[in-house]
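Visitor: Chain by chain, the residues:
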Amino acid sequence: MSERSNTRGGTEFLAVSKDDLSERHTISVLVDNEAGVLARVIGLFSGRGYNIESLTVAETDVSKHLSRITVVTSGTPMIIEQIKNQLRRLVPVHKVTDLTVEGPSLEREMALVKVQGTGEKRVESMRIADIFRAHVVDATIESFVFEMTGSTEKVNAFINLMQPLGLIDVSRTGVVAIARGPEA
Amino acid sequence: MAVEPITGAEIIVKALIDQGVDVIFGYPGGAVLPLYDALFKQNRIKHILVRHEQAAVHAAEGYARSTGKVGVVLVTSGPGATNAVTGLTDALMDSIPIVCLTGQVPTHLIGNDAFQEADTTGITRPCTKHNYLVKAIEDLSRKVHEAFYVAKSGRPGPVVIDLPKDIQQAKYEYVNHAGQKHRSYNPPVRPDRAQVEKAIEAMAHAKRPLFYIGGGCINSGPQACALLTEFVRMTGFPCTQTLMGLGAFPGSDPLSLGMVGMHGMYESNLAMHDCDVMINIGARFDDRVTGKLTAFSPGSKKIHVDIDPSSINKNIRVDIPVVGDVGHVVEEMMRIWKARQIKPDAKALSTWWDQINKWRARDCLKYRPSEQVIKPQYALQRLYAAIKDKDFYITTEVGQHQMWAAQFLKFEQPNHWMTSGGLGTMGYGLPAAYGVQVAHPESLVIDVAGEASIMMNIQEMSTLVQYRLPVKIFILNNKWMGMVRQWQELLHGGRYSESYSDALPDFVKLAEAFGAKGLRAEKVGELDDVIAKMLATPGPVIVDCAVDERENCFPMIPSGAAHNEMLLGPDDQSAKPISEEGMVLV
Ligand SMILES: Cc1cc2nc3c(=O)[nH]c(=O)nc-3n(C[C@H](O)[C@H](O)[C@H](O)COP(=O)(O)OP(=O)(O)OC[C@H]3O[C@@H](n4cnc5c(N)ncnc54)[C@H](O)[C@@H]3O)c2cc1C
Ligand SMILES: Cc1ncc(C[n+]2csc(CCOP(=O)(O)OP(=O)(O)O)c2C)c(N)n1
Numbered sequence: 028m029s030e031r032s033n034t035r036g037g038t039e040f041l042a043v044s045k046d047d048l049s050e051r052h053t054i055s056v057l058v059d060n061e062a063g064v065l066a067r068v069i070g071l072f073s074g075r076g077y078n079i080e081s082l083t084v085a086e087t088d089v090s091k092h093l094s095r096i097t098v099v100t101s102g103t104p105m106i107i108e109q110i111k112n113q114l115r116r117l118v119p120v121h122k123v124t125d126l127t128v129e130g131p132s133l134e135r136e137m138a139l140v141k142v143q144g145t146g147e148k149r150v151e152s153m154r155i156a157d158i159f160r161a162h163v164v165d166a167t168i169e170s171f172v173f174e175m176t177g178s179t180e181k182v183n184a185f186i187n188l189m190q191p192l193g194l195i196d197v198s199r200t201g202v203v204a205i206a207r208g209p210e211a
Numbered sequence: 234m235a236v237e238p239i240t241g242a243e244i245i246v247k248a249l250i251d252q253g254v255d256v257i258f259g260y261p262g263g264a265v266l267p268l269y270d271a272l273f274k275q276n277r278i279k280h281i282l283v284r285h286e287q288a289a290v291h292a293a294e295g296y297a298r299s300t301g302k303v304g305v306v307l308v309t310s311g312p313g314a315t316n317a318v319t320g321l322t323d324a325l326m327d328s329i330p331i332v333c334l335t336g337q338v339p340t341h342l343i344g345n346d347a348f349q350e351a352d353t354t355g356i357t358r359p360c361t362k363h364n365y366l367v368k369a370i371e372d373l374s375r376k377v378h379e380a381f382y383v384a385k386s387g388r389p390g391p392v393v394i395d396l397p398k399d400i401q402q403a404k405y406e407y408v409n410h411a412g413q414k415h416r417s418y419n420p421p422v423r424p425d426r427a428q429v430e431k432a433i434e435a436m437a438h439a440k441r442p443l444f445y446i447g448g449g450c451i452n453s454g455p456q457a458c459a460l461l462t463e464f465v466r467m468t469g470f471p472c473t474q475t476l477m478g479l480g481a482f483p484g485s486d487p488l489s490l491g492m493v494g495m496h497g498m499y500e501s502n503l504a505m506h507d508c509d510v511m512i513n514i515g516a517r518f519d520d521r522v523t524g525k526l527t528a529f530s531p532g533s534k535k536i537h538v539d540i541d542p543s544s545i546n547k548n549i550r551v552d553i554p555v556v557g558d559v560g561h562v563v564e565e566m567m568r569i570w571k572a573r574q575i576k577p578d579a580k581a582l583s584t585w586w587d588q589i590n591k592w593r594a595r596d597c598l599k600y601r602p603s604e605q606v607i608k609p610q611y612a613l614q615r616l617y618a619a620i621k622d623k624d625f626y627i628t629t630e631v632g633q634h635q636m637w638a639a640q641f642l643k644f645e646q647p648n649h650w651m652t653s654g655g656l657g658t659m660g661y662g663l664p665a666a667y668g669v670q671v672a673h674p675e676s677l678v679i680d681v682a683g684e685a686s687i688m689m690n691i692q693e694m695s696t697l698v699q700y701r702l703p704v705k706i707f708i709l710n711n712k713w714m715g716m717v718r719q720w721q722e723l724l725h726g727g728r729y730s731e732s733y734s735d736a737l738p739d740f741v742k743l744a745e746a747f748g749a750k751g752l753r754a755e756k757v758g759e760l761d762d763v764i765a766k767m768l769a770t771p772g773p774v775i776v777d778c779a780v781d782e783r784e785n786c787f788p789m790i791p792s793g794a795a796h797n798e799m800l801l802g803p804d805d806q807s808a809k810p811i812s813e814e815g816m817v818l819v
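For the record, the sequence lines run as chains S and V. Quick note, our numbering runs 27 ahead of the 1-based positions in the first sequence. Quick note, our numbering runs 233 ahead of the 1-based positions in the second sequence.
Next comes chain S alone, as it looks inside the complex (with noise of 0.2 Å):
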């Protein structure tokens, strides 16, 4: 289709193309913690047909009454572009920040994984909760519950190895993220 130079308004707008692939951000959106307001912000995305594949959401200040949404989306850069656009346009939404873009960002989620087995398997699930730095946050006779953290990637490699090592449950925060520096 049409290509042309793309000429950007502020940092707001990449002019790009549909078609372009989907790629996957992590927004951050500091609101008022004020009744309705999660479900502004998920009517948005399932209204206009936005993926959520996780979304944290706690007070992070509680002298200004502020809550912190941590939001892993995915689409096209003029999705995303529409996502955070939207976001900014709710009422009690302070700041948008897409951490996937703007500077370097940490990202963490924690699991609590319930493992259960005996024997060698029982041994090796332990063996692995200390590479990947997880502890034993609860245990019977043939049960472990692991607390582990760490990014999304690392969450998932830990659960897939516990696979069949008698994993029978699992609970996970979500992403919750920062952006590095001193900034705010």
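Take the hints with a grain of salt, since some may be wrong.
Unchecked claim - Okay, the calculated bits of chain S under chain V, using three or more residues with CB under 8 Å as the criterion:
#1 64-75
#2 97-109
#3 113-126
Calculated from the structure, these hints are not laboratory results. For glycine and all other residues, C-beta sits at the position ideal for the given N, C-alpha and C.
Model the placement of chain V with the ligands on the given structure of chain S, informed by the hints.
Guide: Leaving out everything else, chain V with the ligands in the frame of chain S:
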């Protein structure tokens, strides 16, 4: 200084007065009785009792669009609120500032499936710009003032305030929060200077430029429209308008190409297809305008001025986005244009105008005149001839008549044309018309209607009569849901499934039953006389104008087609069969 505590209902009324509200469109019920009581005890705000809550919102839309003020609605909980949903969605799609107060069951009963309880904030979340549930009396006055701020700032839209009955009765001090800075929502109105410079640079070198102006200009206000008009004239560039932008630039100006889009002018659409620089001011590249996206104005550099960044690069990639309010942006554009003493390429421009004039010469609104039957286009031409020197406002319902009204009536000023564009809500026109009439009691207000649409809110005749609102309803009665019939003819092999307006009432008698005047025109020769009688009648009138049942609305870009694949009329042989892809579009 200690302030005397007053009831929540009184706080609301005070806040409305401080916001300059002079009229509310509403309908009472159990959950808003305290508010109705507070309204009863004052005489600053007039209440217009509607006959259906959907109509209350449309009336407020008509009021808002014709004045530039926020329209205010008051409805009860449950069914009152759910009835308002269509109107709210309509206002959201067309960026109309509305504050809608809804009653709610008392806070301690919320969530209990109490009588007439509905999750109003849940239901209206996707169809409002923002909504509030007031759960504490301390928040009440702030939230009411904030609702007005949100409704009218940035891209305007409807805001709901859900008011539990106990909050209306609780007591607290009133504080006027008007003008307070919002803690998170502060949309910028001033553009980035560098972007405006780039826009002017592109315009200065344009050989085939085109202004494409939309409803955002009207949202920006009459002054912004006047400024824009001056700027367009300064450039000498052609200017086309969207359905929502009609009136933002004078319709009879020689630089105006008229409406663009699906039922827009041939010259507008071809100019849009062929232009090399497109200057979109406050329009949103709606699918009624763009047609087939991949074939949309393939060779142009696109400038897009919009206050809402989410409108930019949504449907169409643009080259030079300018985020800001139309008035502010155009002011800046003019300043730079003048400072740089820009002289557009006169030779290129004159070649461009030659081309446009050739397209104009096709006379795309031409229709086959008839002596036997009133052509709907002819009826509107006669109507226009009779009103064009008057101070008139037009509203419409939705369908062919709406498109013909857009094509055959000209608007020289903003805020004089109200139509449901984005949602396309049949039943909009009558309530919107009296909303306009309430705001402009001395003006001529006409609802151009179809016989099917008018039935959707016909109960509002009672409202007209009660308040002696002299709205004229001009029904182009083709006995069909004409727009549906047209699509069935063109796209579905003439299988007219359920599109005949059967068992229609006698509209003349119907008008009389409501206590209004009814008139009928059946023959070409009666038309002028009936129009004159309609205009001479002091109160509300319904004109039942029997028009050609088979007339189709042209020009038309079939769905899924490109601008240069426009159908000009029934005899247009260039018509290609509509693609599979086009068939799924609405
Ligand atoms: C049966 C039918 C047929 C139709 N056919 C056509 C047709 O042929 N042609 C046509 O044009 N339409 C047609 N429509 C209407 C169409 O659906 C859209 O409603 C219309 O095209 C949108 O107009 P707009 O682009 O001007 O945007 P609007 O809906 O008016 O939106 C305004 C834009 O301006 C922005 N804005 C708001 N305030 C400001 C401000 N202060 N400063 C800057 N920007 C601002 C907003 O963010 C928004 O992007 C039809 C509708 C119906 C029901
Ligand atoms: C509430 C609603 N329901 C359905 C439609 C779909 N629709 C669009 S135009 C139309 C027919 C309108 O008929 P009429 O009012 O007689 O106008 P005409 O097209 O004949 O001028 C219909 C049913 C709509 N726009 N709004």
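Visitor: The structure should be examined with respect to each hint, and the outcome stated for every one.
Guide: Comparing the hints with the structure gives:
| no. | hint | verdict |
| --- | --- | --- |
| 1 | 64-75 | holds (count 4) |
| 2 | 97-109 | holds (count 3) |
| 3 | 113-126 | holds (count 8) |
Hint compliance for this structure: no hint is broken.
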